[in-house]
Structure formats: structure tokens, C-alpha cells
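Participant: Letter by letter, the chains look like this.
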Amino acid sequence: MAAFILRRLFLLPLVALGVSMLVFALLQFLTPAMRASLYIHDPKQLGALPEIIQKYHLDQPAYVQYWDWLMRVAHGDLGWSETAREPVADAIRGFFPATLELGIYSFVCILAFGIWLGTQSAVHKDHLIDHLSRFTSISGASLPTFVWGLLLLMVFYGHFGWFPPGRLSLGADLFVRSGKFHWYTGLITVDALLNRQGWIFWDALRHLVLPVATLTYFLTAVLVRITRSSMLETLRTDYVRTAQAKGLARRVVVDKHARRNALIPVITLASLLFVGLLSGVVITETVFNYPGIGRWGVGASQQLDIPAVTGFALIFAALLVVGNLCADVLYALVDPRIRLQ
Amino acid sequence: MSAIRSSSPAIPLSRAPAARRPAETGWSRVLRRFRANPLSMLGALIVAFFVIVALLAPFLARPTERNPYMIPHSGYSSDPHPPGPGHPFGTTEEQFDLFYGVIWGTRTAFLVALTVVATAVVIALALGSLSGYFGGAWDELVMRVTDVFLAFPGLILAVVIVAVLGQSVRNAVIAIAVVEWPTYTRLLRGEFLRVRDLEYVQAAQALGSGSLRIILRHVIPNTVYPMLILASLNMGGIVITFAALSFLGLGAPPGYADWGQLINLSHNWIAGTAGDPFTFWYTLIVPGTAIFLFVLGWNLLGDTFRDIFDPRLQGSR
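Protein chains in written order, with the working numbering: chain H, 1 to 341; chain Z, 1001 to 1317.
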């Protein structure tokens, strides 16, 4: 077990190194002057571009530049973001909690809803709930995230006015930025409760409903499909039949015997789910005007804010690598066949 | 994924007497499967419909601009206009005609998806055959490179590539091809590994065929079906990614006949007016329906191809 995790941990820096090379290779399409912006921290430095090109060897061979750049990235120095008007590292620190909050709520909803629906549709195969869930998963795979998100906005914001876009309403936003609100985690729903500000919590929650619903709908589609087929297979096994034959209640058989084993292949899907979540977050944040890393990264891409784009790429790749590691470890923890290898 | 050659006689899987069922050829089996599943038929019909629309685009919506992919617009009025005479589906902001955009957008969708698939397949044929047939250090190198590409969430990588290369349809297509090639390469490499040691390849080697001839004549033809399945399952995803890039303002420029770009134009008109919240419904629903149907058609068709050509996966859905 420990050896397995160690081996995965050992691979982590190798993949990270490969990813950094890929990002750096992409940057080679830019002129030295544009690449120089990676090393600028203050707009005043713009006058000194030739010196910066000299200083950071931007006219030197690629491997020299790569080493220079890598060392700076390793020290957390990612340059100045023109769109965020602050250093990239600070911008990431500022935007990340919002994305994390959206991700956590979505992940919980996806798992709960997806596994429930998948189980139900396997247990009641070819009944109404099964047809409904299959319809959901087929349509969920065919409707682009942004169309669904805009539809939800049209109905629940345009028509009912229940769930506005953004992260906070104006009043709540002003209060949060005033000195009266203390930031503990950066997650507004958590901090609001720690500050005993129920109305802020409520306001933040209202803004989270639609983006979370959008992400849940999409990523549930995949999860339901896998859970369903895995459950169907498990329900056909001998030990499940034995459990039923010895007179256990249907619910006990489904919950305790079948689902636990059926969930093992679902965990392998977790990393795929994570990829979907990271891509989905970028679109969802743009649709709902939610101030997270995704929307910032897209804005930066439109406006040629190369340092920001680089930081955005690196942070998402790092998240995915860590997410994959977690999925692997979880898989090993759950499935004894892997633990014993 | 593997495939059985459709030219081989069908193996009776059940123990029931096989006498009554005549030996089917590949195509009649495919047709029978299609008729058996209404969803497959629906998928095929939807895709056929879009093919016809794409082919007949110049007749359905007559181009007036020099570049037919630029949607003609009458005036620059900022408010969208509802469906009416001259504009059967209405207009977006700045008066781009939605009907024209949807019709020519079908061509864009096919062009983008087919170009991406073709590029990915060519790269996969080159790298996958090197890696799978010859193995060794090449294999290790190619596989580690695909690892790195797959370590990126696809959309993020595409966004970054477009950001660096600049916003245009061509660059968006390049970006999506860069995202897609590792999947195809890995699939093809797997197929090469599987086929490489089969008897008929050994026989060809024993007869003195060169590597190139074996790859072209004996290995590649046997990897066609898995590629076909992957490509058909992938068509919808590619179109969604392209539309997403356009929606994010990183794909087709404003006014280009592309569904994602049209949906981007509806972003400001979601809330409608005070009395009627759904005033501008058509700006979202029209292009949204087009892309939904297109992707749905390909997903249904892809599922069917997988079921037909990949017997191991049958009934796993």
C-alpha cells in the first residue's frame, strides 16, 4: 500500500515537469517581447523591455530559457497579470477559493445524486425511473454546458428572479469587503457561518444554486451510466443472490452487499469526473459571471494576458495531477486486490 | 477496444439451433442492428438530416457576402428581433440572421469535426504505428508525451493554445486537434500491439514483406473499426468543444456562422424585458437546439457503432 502510494508520488513530479515543458513549448510561439511580460511585476517596467529580454536570456536557446523560467515558477514567481492588476500568484490565491467553493458543492451533489440515481435505475431496471435517468444521461451528454446554464438563467433568474448570477449581491459584497467581515477560509458560505452572518450565507448559497445545478447535471450523466451498469453486473452475482435467498431485506442487499462492490469501478471514473469538473468550471463561471479562476483565465486569454494564462494552465494541470493521485490512492484503499500487489 | 472483422462469418453465440438464421454478411448485420434499435435509427436520421442541410446550405440560405461563412446582417440595431418575414428564426444582436447562421453553422460543425478527426488520425497513424509496431524507446517516448497532454483538462489546453496562437477558426481547430490526438494515438498503438503478433502478420513477415507493407496492408486495415467507433463517439464532443471556445470568445469571430458564436451573442439577452422575461428566447433556443440535435445524433450513432463493431461492450450500457 505504502509502496503503491510512494510510486504514484514519485510519478507526480515527472508529470508536473512534462506539463511545465508543454506550457513552456507553447510560449515559444510568442515573440521575445511578449514573453518578457512574464517577468514584469510592475507596469512601470514596460519601458525597460530590451533590458528584461537581456536579463532573462529571452534571446538565448530554449533550454537556457526553460531552466530560468522553471526556477522562477518553482519560487512562485509567475509574473504580473494585467487583467487582474496584481501578480499572478496573488491573483490565483484570490480567485481560487471561489472556484474551490463551487467545486466542492458540485462534487458533493454529483456524487450523491449520481450514485443514488444510478443505483435506483439499476434496481428498477426498465421502469420509469430507469427510463428517466437514461434520458437524463443521454441528453446531459448532448447538451453543451453553456446552453444548459443559459437556459437555467433564463428561467430561474429572468423569469422567477430566484437565483441571480455572480457570487454575492451588491449589499452582501460591500459588507464582505468591509472590515466587519473576517476571512477564515475564503469560502464565503463557511466564513459567513463563522462570522455568524446568516444573511451572507443565504445570499452566497442563492448564487451557488444555478452553477452547481449546471455542473451536477452534466457530470451526473457519466456517473449514472457507470453506476448503473456496474450495479446491474453486481446484482447478477452469486453472493447477492445468496444474500437475497437467506432472506435479507432488499434494501440491505442493495445498500450493504451490492453497492459497495459496484462502486469500485466508479472510483476509477473519479479522475475523469475531475477533468470534467475542471473544464466545466471554466464554462460555468463564464456563464454565471462567477469570479473564479476559470473566468479570470478566459478573460486573460481573450486579452493576451500571457502571464495569467500560463498561471491558469499550471494551476489547472497541477489540480488534475493531484486529483488523479487522490483517485488512485482511493482506489487502492477500497479494492484489496490492488492493495496486495 | 477491439473489433471483429465484419467480413468473417457471424459466430452463433446462443446454443439455440442456428439453422434458421442464414449466415449474414457484415452489412446486413449492421442494418439489422440499426432496425432493431429505434434510438439508433433516430441518431442516423438526425445525422443524415444535418448532412443534407450542410450539403444544401447555399440553396437553403443564399450567401450574399463574399465569404459565405460570414452571416449577412441588416443594419446594426443592437436589439435582437423575433422571427418574422425575411428572418424565419429571428435575428441576434447587431441583426445577424439566425436562420442563415444555423444553416451555415452546420457546415462549420462538419468542417471543424472532420478536420480535427482527420488530423488526429494522421498523427495517430504516424506516431501510433511507430510506437506500437516498433516498440522500445520510441514507444516509451510517445506514450510519456501523450501522458503529459492527457494531464491537461482538454478545454483548458485548448484555451491556452488559442490564447497563444491568437483567436481564429483555424487556430481553434488546431487547438482541438492538439487536445484530441493523444486519445487516437493511444488507441491505435493498442491496436497495433494486438495485431502485431497475430499469425497472419507473422505469415506476411515470413513471406518477406517489409515493415511498411505490413503496416499499410495488414495492420492498419484491421484498426479501422475501433477508429471509426472512436471518431463517431468523438464528433459531438469536438463540436461542443469548438462551440465552447466560440462561446468563450476564443473561437469563431462575431458574425461567423457558428452555433457557439451565436449562443455567445445571446448571453446579454437572457433576462428579457420587465414585462416578458422570455422576450429574446429565440437567441438562445435556436442555436442551442441545433447544437443539441447535432451532438445527440452523433452520440446515438456512436453508441450504435460501438455496439455493432465491439461485441465485448454489448449490453454494457
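Keep in mind the hints are simulated off the structure, nothing from the lab. Built from N, CA and C at the ideal position, the CB exists for glycine as well. Don't take each hint at face value.
Cβ-to-Cβ under 10 angstroms is the rule here; a few derived chain Z residues that face chain H [unchecked claim]:
1) His1087
2) Leu1130
3) Val1148
4) Phe1152
5) Leu1155
6) Val1239
7) Ile1263
8) Gly1272
Residues from chain H that keep clear of chain Z, each with C-beta distances beyond 10 angstroms, as calculated [unchecked claim]:
9) Ala2
10) Arg8
11) Ile53
12) Gly76
13) Phe107
14) Leu153
15) Gly158
16) Gly179
17) Ala317
18) Cys326
19) Leu330
Participant: Indicate, hint by hint, whether the structure satisfies it.
Facilitator: Cross-check of the supplied hints:
The restraint placing His1087 (chain Z) at the interface with chain H is violated, with a minimum CB-CB distance near 21 angstroms, outside the 10 angstroms limit. Restraint check, Leu1130 (chain Z) versus chain H: the minimum CB separation of about 19 angstroms is more than 10 angstroms; hint violated. Checking Val1148 (chain Z) against chain H by beta carbon gives a least distance of about 4 angstroms; that is within 10 angstroms, so the hint holds. At its closest, the beta carbon of Phe1152 (chain Z) sits 5 angstroms from a beta carbon of chain H; the interface hint therefore holds under the 10 angstroms criterion.
Nearest Cβ of chain H to the Cβ of Leu1155 (chain Z): about 4 angstroms, under the 10 angstroms cut. The hint holds. For Val1239 (chain Z), the interface hint holds, since its Cβ comes within 10 angstroms of a Cβ in chain H; the closest pair sits about 9 angstroms apart. Given hint, Ile1263 (chain Z) at the interface with chain H, holds; its Cβ is 6 angstroms from that chain's nearest Cβ, closer than 10 angstroms. Given hint, Gly1272 (chain Z) at the interface with chain H, holds; its Cβ is 5 angstroms from that chain's nearest Cβ, closer than 10 angstroms.
The Cβ of Ala2 (chain H) lies farther than 10 angstroms from every Cβ of chain Z, with a closest approach of about 24 angstroms, so its non-interface assignment holds. The Cβ of Arg8 (chain H) sits about 13 angstroms from the closest Cβ of chain Z, beyond the 10 angstroms cut-off, so the non-interface label holds. At roughly 18 angstroms from the closest C-beta of chain Z, the C-beta of Ile53 (chain H) stays outside 10 angstroms, upholding its exclusion from the interface. The claim that Gly76 (chain H) is not at the interface with chain Z holds, since no C-beta of that chain comes within 10 angstroms of its own (minimum 20 angstroms).
Phe107 (chain H), annotated as away from the interface, keeps every beta carbon of chain Z farther than 10 angstroms; the closest lies near 15 angstroms. Listed as a non-interface residue, Leu153 (chain H) fails to keep its Cβ farther than 10 angstroms from every Cβ of chain Z; the least gap is roughly 5 angstroms. At roughly 4 angstroms from the closest C-beta of chain Z, the C-beta of Gly158 (chain H) falls inside 10 angstroms, breaking its exclusion from the interface. Against chain Z, the non-interface label of Gly179 (chain H) holds: every CB pair exceeds 10 angstroms, the least being about 34 angstroms.
Some Cβ of chain Z comes within 10 angstroms of the Cβ of Ala317 (chain H); the nearest lies about 5 angstroms off, and the non-interface call is violated. With a cut of 10 angstroms on Cβ distances, Cys326 (chain H) stays outside the contact zone with chain Z, its closest approach being about 14 angstroms. With a closest Cβ-Cβ approach of about 18 angstroms to chain Z, Leu330 (chain H) is found to remain outside the 10 angstroms limit, as its non-interface label requires.
Checked against the numbered hints above, the structure violates hints 1, 2, 14, 15 and 17; every other hint is satisfied.
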